[in-house]
Structure formats: structure tokens, C-alpha cells
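Please build the complete structure, drawing on both the sequences and the hints.
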Amino acid sequence: MTLPLASHDYGAHPTVLPPSVTARDRLQVPQETRIDLYRRLQELRQFEKRAYDLFLQQLVKGTSHLSLGMEAIAAGFGAAMRKDDYTFATYRGHAHTLSRGVPMAPVLAELLGRANGLMGGKGGSMHLTSVEHGVMGSYAIIGAHLCVANGAAWSAKLRGSGQVAVCFFGDGTTNIGAFHEALNFAAAFRLPTVFVCENNLYMEYTPIRDVTAVERPAADRAAAYGLEPLHVDGNDADVMYTTAATALARAREGAGPVLVEAVTYRHGGHSRADPGKYRPAEEVAAWQAYDPVHLYRDRLTRLGVAEEDLARIEAEVGRRVDEATAEAKSGPLPDTAEAFTDVWADGGSSWRN
Amino acid sequence: MTLPLASHDYGAHPTVLPPSVTARDRLQVPQETRIDLYRRLQELRQFEKRAYDLFLQQLVKGTSHLSLGMEAIAAGFGAAMRKDDYTFATYRGHAHTLSRGVPMAPVLAELLGRANGLMGGKGGSMHLTSVEHGVMGSYAIIGAHLCVANGAAWSAKLRGSGQVAVCFFGDGTTNIGAFHEALNFAAAFRLPTVFVCENNLYMEYTPIRDVTAVERPAADRAAAYGLEPLHVDGNDADVMYTTAATALARAREGAGPVLVEAVTYRHGGHSRADPGKYRPAEEVAAWQAYDPVHLYRDRLTRLGVAEEDLARIEAEVGRRVDEATAEAKSGPLPDTAEAFTDVWADGGSSWRN
Amino acid sequence: MAELTYRQAVARGLSQEMDRDERVLLLGEDVAGAGGVFKTTAGLLDRFGPERVLDTPIAEQAILGAAMGAAMTGMRPVAEIMFADFFAVCWDIVVNEIAKMRYMTNGQLSMPLVIKSGGGGSLRLGAQHSQSIENWAMAVPGLKVVTPSTPRDVVGLMAAAVRCDDPVLFFEHKGLYAAKGAVPDGEIVDELGRAVVRRPGRDATVAALGLMVPRALEAAGLLATEGIDVEVIDVRSLVPLDTRTLLSSVSRTGRLFTVEENPRLLGWGAELVSLAADECFWDLETPCRRITTPHIPLPSADNLEDAVLPSVARIVEEVRKGVHT
Amino acid sequence: MAELTYRQAVARGLSQEMDRDERVLLLGEDVAGAGGVFKTTAGLLDRFGPERVLDTPIAEQAILGAAMGAAMTGMRPVAEIMFADFFAVCWDIVVNEIAKMRYMTNGQLSMPLVIKSGGGGSLRLGAQHSQSIENWAMAVPGLKVVTPSTPRDVVGLMAAAVRCDDPVLFFEHKGLYAAKGAVPDGEIVDELGRAVVRRPGRDATVAALGLMVPRALEAAGLLATEGIDVEVIDVRSLVPLDTRTLLSSVSRTGRLFTVEENPRLLGWGAELVSLAADECFWDLETPCRRITTPHIPLPSADNLEDAVLPSVARIVEEVRKGVHT
Ligand SMILES: Cc1ncc(C[n+]2csc(CCOP(=O)(O)OP(=O)(O)O)c2C)c(N)n1
Ligand SMILES: Cc1ncc(C[n+]2csc(CCOP(=O)(O)OP(=O)(O)O)c2C)c(N)n1
Ligand SMILES: [Mg+2]
Ligand SMILES: [Mg+2]
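Residue numbers (full-length UniProt numbering), protein chains in the order written: chain Y, 1 to 353; chain H, 1 to 353; chain R, 1 to 325; chain V, 1 to 325.
Among these hints, one or two may not hold up.
With a cut-off of at most 25 Å between alpha-carbon atoms, the simulated DMTMM-like pairs for lysine to aspartate or glutamate come out as follows [to be verified]:
1) H:Lys329 / V:Asp302
2) Y:Lys277 / R:Glu51
3) R:Lys321 / R:Asp165
4) R:Lys39 / Y:Glu327
5) V:Lys321 / R:Glu279
6) R:Lys39 / R:Glu22
7) R:Lys321 / V:Asp283
8) R:Lys180 / Y:Asp274
9) V:Lys39 / H:Asp274
10) Y:Lys277 / R:Asp46
11) Y:Lys49 / Y:Asp298
12) Y:Lys49 / Y:Asp210
13) V:Lys321 / V:Asp203
14) V:Lys321 / R:Asp46
15) V:Lys39 / V:Glu187
16) H:Lys49 / V:Asp302
17) V:Lys180 / H:Asp274
18) V:Lys180 / V:Asp203
19) Y:Lys49 / R:Asp302
20) H:Lys277 / H:Asp298
Since the hints were made in silico from the structure, they are not lab data.
Okay, structure coming up:
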């Protein structure tokens, strides 16, 4: 991956130019996995676009953070993870949730604040959780969930279950204390935690480079925990799939944690309110041109997948997104009594006798 | 420095064997500085011994954490720092406080909880502070003061004062989140902060090695902040003095922060209540044999300082410790009205009108 | 006199103080280039430059540590903690260091700093981005705590906070950022520790903070039509607490209601009620009542959030019921 | 029946539960090899092995994160935060994650964990190692909060905490570690949310917690000689709160005094007084009074610390004065 520098108001920042991705056509990924990866990319892409549309229609409440442009990471890990592995996501967690097999309708319904939402409307976009699918929560305060993922990994190790805990977080998260505590803890106790930094070059509005002592915010910290630096192209689903498969295998066999830095870019702003104007137009354009969905479609075409097969997948996904939208929209508002349930294990919220 | 491994109950840990220290006789340290360093070593040693005696006499209240065996670091930095530089110390801060020129009597009186104590009895052993001498506080909760030191460094930079903030902390502190936040912050903004890790191989009772992903808890993290690893012999006052002088000069001229790891050992337990029995006898013995005070005395003798000059320094310091003890003991208890002062800038503690 | 939004008033207040005193600095995540994620610091980078207005890494301990160290050595920093909920990641620096340092050092160190933060609910942001935590801060000796409810007060209290030699936690209410109000021209400086009677009344004292102030006022208007004449006090400052204004009102009306956004247990109203139950004991005609969010985390769905935050309707109902006890 | 110290009782309680349920784990700084810096976990490493008893780095966020993640996935961890003051360095995981996760996920995740910690003053450890912060925890929905005052209760409440499917903050009082008391043989399991009347009385209710319980009892003994018959209630559990026992006592005696070690503002007593001032309003004969540490950080010198923590003499004086108001 070449990272020539472009400059803009905030300083100098790397822009990925399309590398010779054709060389990656030769990566050892089975054809059916590739089809699966493409389906996932489409799901994540089309879902997020729909979420954005619903936001424009003022149906999505609160905030939401989309993964448009970053889909290859969730697709690759989703395809490589074992059914009982654990996912720990952030507020930018739609893609990671869906990629574990959580149906779209309850996720959309949660964004709309409906009773048929994934958490009945009590969590919202930033806290998607589906324990049944191994999605152990989406965490909206930077840092904590890296430590929490370790706990699930520790428990898996004690139970000898072979499960791995995979924790996704952004570049900005590498500068907070909990990152350091979690990485050292995982390494010291050789926990099966895979830490995945989705480096999209920006925190909310500030470029990561302006406030970070090293060039590669995660990879350049790996050695501080006795780990290998893994710096990969987060826009290439095959790269992400093979990276995920290797990392998971290593963690699963007891070799301790893995730290992956996947470089990517978000097409839109940080959250619903942000048009993302602080980024230079050429930078955005360069990354739009290196779109993970298009890149992968081109590869599949080169590898002989028929245009009509690809189009069928796209159309199918589109239908499912439409159906999920209809289902979500038809959900009733939550009963207000629900606000008083599940504070405690007894199902209620009483703090007195 | 050779660090062969010794093993004990808790795992395998490095023991420093006396290196060929005679080679260090040739370090470029002026003779008068060497005399000054020796005086400081004696002050710190004799003071801490007295503090321990007073503890045995049940006159020292609360807790106290001694630096016996670790004096060379405070001596070296104390001698190299500019009068207006800032010191940020921990609960193990007697030596760093004294080495900035704070008189012994108020420090001892503070340990005794007397009105003539350095903070009038309101802070205690763990919070020694003398702003007048640049001692900007001793901090008893691990981590925070690394961040605070940055603030003083930032302010110095903005004021163009050329001051450097020096922050001392233990090996165990390198695993807490604030360490990471502070180091990155200092490096990102090129602050004149010198971070000094006093690696005495142990946290309270647990060897640092058992819970740390890397061998050298500070030096092996330097690269994560774009810094050079500096791993030095913390028991050699000349090494510490030259290390300090170089680090301070670099920070002062605007080259950004410096991270020093000084390897040392505490002769006693972690705090007053701890006999330190968890350490293997051979390890303790090896380090006792590598005592920073004896090592330095031997060097001065080799360099031609007369035995009687050394003895005079020792006796003089002894006298001053005795005088300080008498002065501290003669102090009255604080007036209980003092408990209600200095919560607020108006001198009082009222929260209502 | 200008009509400003609450969010504009924050920048106006900061600007006023940064103009006056070059030791005043501003640091936080996205406060410079982006002008703040809530746009409360818009324009300050251009006006005061990158030395005084600093975009930081996501590292709240580093941010507050830097503010503290700078305050100890001659500066007067204003640090932003983006959402009040995030105080939890740097609570140690706030409560164990900033709050206690002057005391522990017997007055050797001064801590003239402000920590500004957006708190409060009503924006459907869920349990981790909606908390009102003024009560957390009130419980810690050594911290001053203010929450303005109008654009004018934002300016005046910010100025007072910046000029104060003690650490002040300055809570902005996210639900008020878009609210507009008249702000007089020229310098505005309030005094910390002064509550304001927003509406005089004889039958009951209603003490409110932040977003609950407009709600309490609206409720008072409705209650007036029923013949219940309520005095609404904007508490504004929890520490120092204007017990003179508050308790004299309670003694006069014989009734106290607090309207609090925080969860029920140990909300700031518990302190006020405890004070009234002690010092106004003989004047009370009916039990003191706290109108609060129930003791639950905040849900995100709009109808659920509306159901649990104190609403105008709930205030009306509780006061009516309480007065007729 | 054995005579145990309070610190031994902690290990006994943990042992009882770890024996019973192999999902119970223990982690924290120096809890294994050293048996805890307060020796409250002595012998557990030998008995349960290094897989279940873990010495951690100094990284409180990592510790509580590990406990939380393990609790979410089938374990029942007990984590130690050495001094209660250190909760501030990991407060985010406690209040924003552990406390809210069940609610935010609509009941999908369970949080059966205990965080044990040594709190409280009287040991001359100064402002950063002496705090009583039960009130911080009480203010956060989703946390249960207990503080035992006797060795027997240490065992019973620890067992109840470990068996509870909700997160429990278990505050040990450092000033009581050396105190001895009789502990019955065999399994002891208490119920969370039960206060205990330690001394029945008719003239006033005195509610106390932790180290303040023995002091309140001693004060009650002295007051009895003056003809003031005080009921002393050991609150034990702040969440859930045994309002039945507490408020019925207040209604009966007509007077409430709280004895709190925390600083004055928003101590746990403010909640209790607010409840009493509302629900026992018509029964109160004199104002409710809170006997607390003043709103200051704790000083380290022995005579200063003694002057500010509620003492037996101060309790006697305040109750005497209050009863005769
Ligand atoms: C402790 C904390 N500080 C600040 C925030 C506000 N915040 C939310 S997302 C974000 C940027 C995160 O950047 P990054 O880690 O790169 O993730 P990205 O959003 O780019 O995926 C910030 C500062 C937060 N949620 N938590
Ligand atoms: C946040 C926090 N956690 C735990 C402690 C308790 N504690 C005090 S000193 C200490 C060991 C520190 O070890 P190290 O950093 O190596 O310093 P040393 O005492 O060896 O000089 C611990 C765990 C603390 N003070 N603060
Ligand atoms: Mg990012
Ligand atoms: Mg150490």
C-alpha cells in the first residue's frame, strides 16, 4: 500500500492511492467465500444508505454513525469468525452487528426507536447488541470496550471454549488510556483477544495525525505489548478476510492477542450531523475511487463471476433492505412501562423495599 | 549493564550484577558536582533511615514509602535540574523533595503530623509539596501526575520560560492508562517533560515482570511515542547525573519529551507495613551489594577524594538530620481550625452563603 | 443587546475572557479547527490562534492533567470534556487531584481552571450520552459547580468561572444549545453562588436547574391558572449554594419542590431537601418533594425518554398533588 | 462459632463462595501471591490456584473490564479495587458500562460481579486514601452498594453479593479490618437490602454505616445514661435500601440522625433524610440532622483527622442538641 501525502487545512495526511490490487486477486480465498464477502459488502452498504435516507426523512432518532466506505473490515471479519466468537463494537457498529448475522429489521427498528428494535428502543444506534449472535455490545464511550473484550476472552480461555473476542475501534481510540491497559493486560495473560483498529484517518473532525506521536496509531504501538505490527489495507475484503482468519487462528490456538490496524476511510461525516467538510476534496475523491465495494466487484468480475450473478446479489440485498425497512417502520412505539424494566436481574427497577 | 535472571516464587526476574563500574569513573562529571552528588546521596540515605527509625518509634503516622537503595536517581536529577524546573513526585517522594533543596525539618514534621510540617499536617508523607522549591506535588494515586506534569511543561512552553517538568514514577505505573495518555500528549505537542521511570522491579508485592508484556516496562514503550529508549543504571549517581543533564537539555531546547528508565531496587518493603519478604534473599543481597551510596563512595575514593572529606560530609549530614529531627519533634500539633482552611482560594471551606 | 443562542453564548463568554486575559487557554477534542462538536467554541481558533486554542487527542486524563498542571503554574485554562458522561474516564484527575490539591498542600497550589461540558438529555442519545451529573460533582469537596439556563447566564457564569481561582465545573445543557435569548452588549460577569428567582410566587418554591428551568416556568404558568402561585428559582450554582435565596423562599412559601434531571437517588435536590428539612423545619407546611428522573439509566427511544425525564405535565401534577397534601 | 477479624472474614466469605461455585473468580492488584495488601484474600491463591486468583497489573480499567467481560460470558468475578479512592480511575467502566449494560441491552446481558474495595478513614492516610464513596455509587442507577460493619456481616453480605446477578460494590472499611467478632460456623448468606437494628430505642433513630456503626452504638450507650433512648440502625445496604426498616423506625421515634463518614454534601444521609422528610413528614418531631465529615478533603495529621470525622463525642452532642430542639 502506498501512502503519498496530501495536505489540507489541518496538516499533512496520507491518502491511499489504489495500489495494484490485481495482485491480490491471487490471494487464497475460496470462490464461495468471495461470493459471501460480496453479499456482505452489499448488505452493509445498502443498509447504511437506507439508514442515511431514514435519517434524512427524520425517522432515525438520536444520532448514528455510518460505516459507508469501511465495509470490507466488517465483511472480512464477519466471514472469518466462528459462530460463537464474540464481537465488541463501537457506536459505529451497524456493520459489525449485521455481519454477525443479526437481521436488518430489528437493527433498523432500533434506530427508529420502535418496540421491535433490537433492544426494544432502550439502547439506540450506538448500543446495538445481540448476544444470541455473539454481538456482546456496542460501546459509545471511547476505550472501555477494549478492556471488556479481554474479560470475554479470559472467560473463554478459562472455559476452554476456543472462542475468540474480537474488538473493533477507531484510530482515535489508540490514544486513550484504556487502549494501553487492555493491550498490556491481554498480552500479559495471553488472552484470545483480537484488537482491530479501523484507522479511517480521522477522529470526529480532527485528523489522527495531528495528535498522535507515531505515524501508524495502532501498528506502531504493537511492540509496546510484545506484539507484531500488522498494518493492512482495510478496503480490500480479501485482505481483511485472510487477515482475520490468521489472527483468529493465532488467538484461538493460545498464542495470545493480535493487534490489527486496517487503514480505511469513511465516505461521509463522523455522525449524522456532520457533513465532513473538514476533509480536502481530493482526499475524499481518492478514497471514493478506492471504494471497497467497487474494488471487490471488479475483482470478482476479473475472476470470472458473471455480471448477472453480481446483479442478482445486489437486487436480492436491496429487496431485503426494503422488507426490513417496512418491518421496522411498522413497529409500534415501545410501551412506556418498558422504561422501567431490566435495570436489575429481577426485571425491575426498584431500589427500595 | 548485565541483567542475568534469578528465579523465585513469583517467576523469573532480573538481578543486576555489579557491572564494571570502574569504567564509569571516566564519565565527564566535574569533581565538585561529584562531591555534591555524594552529599545528596548521604542526605537521602540518612534522612530515610531516620524516617524509618521514627516509624519504629510509632511517631510517623499514616504510611510512608522509603527510597532506601534508590537514592542515585533523585541525587542525579536534583543536581542537574535548574532551580526553576518542576518536580512531580509520587508517594515515594521524600528523596525527590529533599533533592530540590527542601529543608529536612518540615518534611520530617509533616511525617509526624505537626503544625511545622511542610503542609501543616494536611498532606502527609504521600503528598510532599514545596512550590517554592519547584516541588509541584507528590501524587498518591498511580498515573495522574504524568498528565499533570505535561500541564506544567505546556505552561512553561507557552511562557517561554525554558523550564522543564520532571516526572518520577515507578515501573508499575507504566501499565496504567494515564501513562499512555501522558506520553502521547507530550510527544504530540513536543512538551518539555522528562518522564523518569524508577524501575525497582516490583510494584507493591508483585514483580513487574509478571504482569507486563515487555521486558523493560518503560524503555520498550518509548517507540510507541516516537521516543528513543533510554535504559540506564539507576544506582549509579554519575550515570543518573549525566542522563538527567542530557534529558533536561534536550527538553529545554524544544526537542520534546524524554523517557528515561532507570533500573534500581528498594532495600526495604513497599511501605511501612511491608517487610518485603516476597523477594528472594539472593536477589536482595545482590542489590544490597550494589548499593548506590557505597558504589559512589568507592568511586570517589578511587578518584582521590580523601577518606576524611567523605567522613566529614557523612558526619555533617548526620548532624543536620539530628537537628531536623529535634526541630520536627518539637513542633506542636496543628490547630484543629486548620482542618477547615484552604479548601477554596478565599482560604476557607464554606460551600454556602 | 443581541439575540444569541445558548451555544453562541458559550463562545461569546469565552471570547470575552480570552480577550481580557491572555492566560486563559482552551483545550479539548475538536474545540479548535471544528469549533467544537456542539459549535460552542466556533471562531475561537481564528481569533486566538493555535497556541491558546488546542485540539487534543482523545485522552481526557491527558486533557485535564494538562489543564491542571497549567493552572498550577500561572495559566487559567478552560478544558472541554465533550459530553458530561465522559467525566467518568477522567474522574480521578477531577476529584482526587484538581479538587484536593489546594487543601493537601495547605494552600500552596491554586487551581484556577474551568471544565466545560455538555450534559443532559432530551436528544435521544441514550444512557451514555445524556447524563446530568452535577450531583456527582456536588458531592466532592473542592469543586464548584454551575449550570446556566439562559444565554445571558452562560456568558455571565462563564466569566465568573474563568475569573474564579477555584476549579469550576461548567455544565452546559445540550438540550438548550439551540435556545435563544437576549444578551446585553458589553462585559457580563456574574457572581458564583447566586440563585435567581425567575418567577416570584407565594404557595410553593420550585427549584430547578438547566433544562428543567424552562419546564418549571411553563408548569408554573399552568399552575397559576389553577390558582397555585409558584415561585420558580433557577439554582444556577450548586457549589457554592445560595442557601439564603433558596431557604428563605422555602420558609416563606412553606413548600419545596425540586425539579431534577438526574436519576432519583442523591440528586442535587436531596441536598436541598435535607437542608430545608433541617433549617426550615418549622416553616414547612407539606412534605418536600423531588421531581426527578426515576432511578434508571436513560432509554434512547423518544417516547421512552420523554416518559422518564421530568416533563411540564409531571411538574404540574406533582406540585398540584404536593400543595394539596 | 469462631472469633474472626473483619479482614479474615473477607477471605472466609470469598472462600465459602469460591468453594461452592467454580465460576467465582478473584482478580486485582496483589490479591494472589501477597494475599491482598490488606490481607483480605490471604490463602485464596493456595486454595483455588492461579487460574481463579489473579494478580493483575496496576490497571484498574483493565481489571474491571476483565471482570465485566467475564461476568457477561458466564463467570462470576470478584474484582478488587485496592482503595475506594481508586474507583475514580475506572469510574467509566463502573458507571457507564457495568451499571447500564443490562438496561441498554433490554436485559440481554447479565452482570453478576462484585467489586470489593477498602474505604474509609481513621488511618491517617490523607485525602487520596481515606475516602468513603458509597454515596458516589448510590447515585448511579444499576449499582448495588453494601458496607458491612461486623465480621459476621462481611461473610453474609459477601455471599449475598456474589450470588446476586447484579453488580455489587462491596465496601470494606479499612478502619475495621482489625476488629474482631464472632462468626457462626457453616454457610452464612445474608439478603441484600436489609438494614439491621443494632440497638432498639424510642427517642430517636440513628442510621449509620461502616465504621460509624460502632461509634453510633457507643454514643447511644452514653446518651442512655442521660435518659435519651436511641435506636441505632446499621444501614448495611444503600442499594437496595431497606426503607421499610428505616422509615418505620423514624415514624416511631419521630427523629432521624444519620452518621456519615462521607463529606457533607450529598452524603447517603441526604437521600435518607429526603425520604423521611417526605414520607415521614407528619411523624417528625424535630428536624432531621446529618452528622457527617464537613465538606472538605481529609487531612492526614492524626489530630486533624480526628477533628473532622464524626466522633462519638460529636454524635452524642448532635443527638442531644437535636432531640432537645
Ligand atoms: C471517552 C470519550 N471521549 C470522546 C468521545 C466522543 N467521540 C465519539 S467518537 C469520537 C471519535 C472517535 O474516533 P475514532 O476512534 O477514530 O473512531 P471513528 O469514529 O473514526 O470510527 C469521539 C472523540 C467519546 N465517545 N468517548
Ligand atoms: C490507581 C492506583 N492503583 C493502585 C494503587 C496502589 N499502589 C500504590 S503504590 C503501588 C505500586 C506502584 O508500583 P511502582 O509504580 O513500581 O512504584 P514503586 O512503589 O515501586 O516505587 C500500588 C499498586 C495506587 N496508589 N493507585
Ligand atoms: Mg477514526
Ligand atoms: Mg516499582
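Hint-by-hint comparison with the structure:
1. For the proposed pair H:Lys329 and V:Asp302, the alpha carbon gap of about 15 Å is at most 25 Å, so the pair holds.
2. A C-alpha spacing of about 24 Å is found between Y:Lys277 and R:Glu51, which places the hinted pair at or below 25 Å, so the restraint holds.
3. A distance of roughly 44 Å separates the Cα atoms of R:Lys321 and R:Asp165; the hinted pair therefore is violated under the 25 Å criterion.
4. Between the alpha carbons of R:Lys39 and Y:Glu327 the distance comes to roughly 37 Å, so the proposed pair goes past 25 Å and is violated.
5. A distance of roughly 14 Å separates the Cα atoms of V:Lys321 and R:Glu279; the hinted pair therefore holds under the 25 Å criterion.
6. Restraint check for R:Lys39 and R:Glu22: the C-alpha separation of about 22 Å stays at or below 25 Å, so the hint holds.
7. Proposed proximity of R:Lys321 and V:Asp283 is supported: the alpha carbons are some 19 Å apart, at most 25 Å.
8. At roughly 22 Å between alpha-carbon atoms, R:Lys180 and Y:Asp274 fall within 25 Å of each other, so this suggested pair holds.
9. Distance check on the hinted pair: V:Lys39 and H:Asp274 sit about 11 Å apart at the alpha-carbon level, within 25 Å; holds.
10. Annotation: proposed proximity of Y:Lys277 to R:Asp46 holds, straight-line Cα distance about 17 Å (limit 25 Å).
11. At most 25 Å may separate the alpha-carbon atoms for a hinted pair to count; Y:Lys49 and Y:Asp298 meet this at roughly 21 Å.
12. Between Y:Lys49 and Y:Asp210 the CA atoms are separated by roughly 30 Å; this puts the pair beyond 25 Å, and the hint is violated.
13. Simply put, V:Lys321 and V:Asp203 have alpha-carbon atoms about 13 Å apart, close enough for the 25 Å limit, and the pair holds.
14. Pair hint V:Lys321 plus R:Asp46 does not hold up; C-alpha atoms about 61 Å apart against a cutoff of 25 Å.
15. Proposed proximity of V:Lys39 and V:Glu187 is supported: the alpha carbons are some 22 Å apart, at most 25 Å.
16. The hinted pair formed by H:Lys49 and V:Asp302 meets the criterion: a straight-line CA distance of about 23 Å does not exceed 25 Å.
17. The suggested pairing of V:Lys180 with H:Asp274 holds, with an alpha-carbon distance near 22 Å, which does not exceed 25 Å.
18. The suggested pairing of V:Lys180 with V:Asp203 is violated, with an alpha-carbon distance near 30 Å, which exceeds 25 Å.
19. As the CA atoms of Y:Lys49 and R:Asp302 are separated by approximately 23 Å, the hinted pair is consistent with the 25 Å bound.
20. A hinted pair counts as satisfied when its Cα atoms are at most 25 Å apart, and H:Lys277 with H:Asp298 does not qualify at roughly 29 Å.
Checked against the numbered hints listed earlier, the structure breaks hints 3, 4, 12, 14, 18 and 20; every other hint is satisfied.
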